[in-house]
Amino acid sequence: LRSWFARARDTMSQYFGDAVDRSLRLPGYWAHVEGLVLGDLAAMRAVWEETVKGPLGRYCETWLAWVTMERALRQLAPARALFRRAYSRKYEEGGQVTLAYEWLKFEREEGSAEELWQASLKVDPLIEEARAAAAAAANQPAAATARVRSGC
16 LRSWFARARD TMSQYFGDAV DRSLRLPGYW AHVEGLVLGD LAAMRAVWEE TVKGPLGRYC
76 ETWLAWVTME RALRQLAPAR ALFRRAYSRK YEEGGQVTLA YEWLKFEREE GSAEELWQAS
136 LKVDPLIEEA RAAAAAAANQ PAAATARVRS GC
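Our numbering numbers the first residue of the sequence shown as 16 and each following residue consecutively.
Note that these hints are calculated values from the structure, not bench results. The model shown is predicted, which means the values in this text are computed figures rather than measured ones. Certain hints may be false.
Mimicking DSSO-like on lysine-lysine, the simulated pairs with C-alpha atoms at most 30 angstroms apart in a straight line are [as the list claims (entries may be wrong)]: (1) K120 - K68; (2) K105 - K120; (3) K120 - K137; (4) K105 - K137; (5) K105 - K68; (6) K68 - K137.
Could you build the full structure based on these sequences and the hints that come with them?
Okay, structure coming up:
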């Protein structure tokens, strides 16, 4: 079974070299089989590790899929460690803010007050920065309209 997954990965890479399957069908299913069907958490984590080290690691959805799988297996300490590790990375399409919100949600649902507080200390500056940037972007059209109306 594992050799089949490895062949599928290699074939996809050979024919679709730079293409990125953001649906995570192959690595997600492979990790599911390793972790939930075969009960081999080390093999499951190896699949995810390989995935995040590749082109899919640029997207927070990849990291969140791994966290979701760890959480489904009630592996909360590894899931928390993944959030800490993933937070230090840069993502495409505003993924770091998405990851920050998901980390806080995770700690509210699964963590202690102390763990939530620790996560908040890390992510709150990023969230505030993103909110300020969004507010500034939203105010630019209003400011431009006001200048036009005032004749400036």
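Right, here's what the structure says about each hint:
1. Between K120 and K68 the alpha-carbon distance is near 25 angstroms, which keeps this suggested pair within the 30 angstroms criterion.
2. Between K105 and K120 the alpha-carbon distance is near 20 angstroms, which keeps this suggested pair within the 30 angstroms criterion.
3. At most 30 angstroms may separate the alpha-carbon atoms for a hinted pair to count; K120 and K137 meet this at roughly 14 angstroms.
4. Between the alpha carbons of K105 and K137 the distance comes to roughly 15 angstroms, so the proposed pair stays at or under 30 angstroms and holds.
5. Distance check on the hinted pair: K105 and K68 sit about 13 angstroms apart at the alpha-carbon level, within 30 angstroms; holds.
6. At most 30 angstroms may separate the alpha-carbon atoms for a hinted pair to count; K68 and K137 meet this at roughly 23 angstroms.
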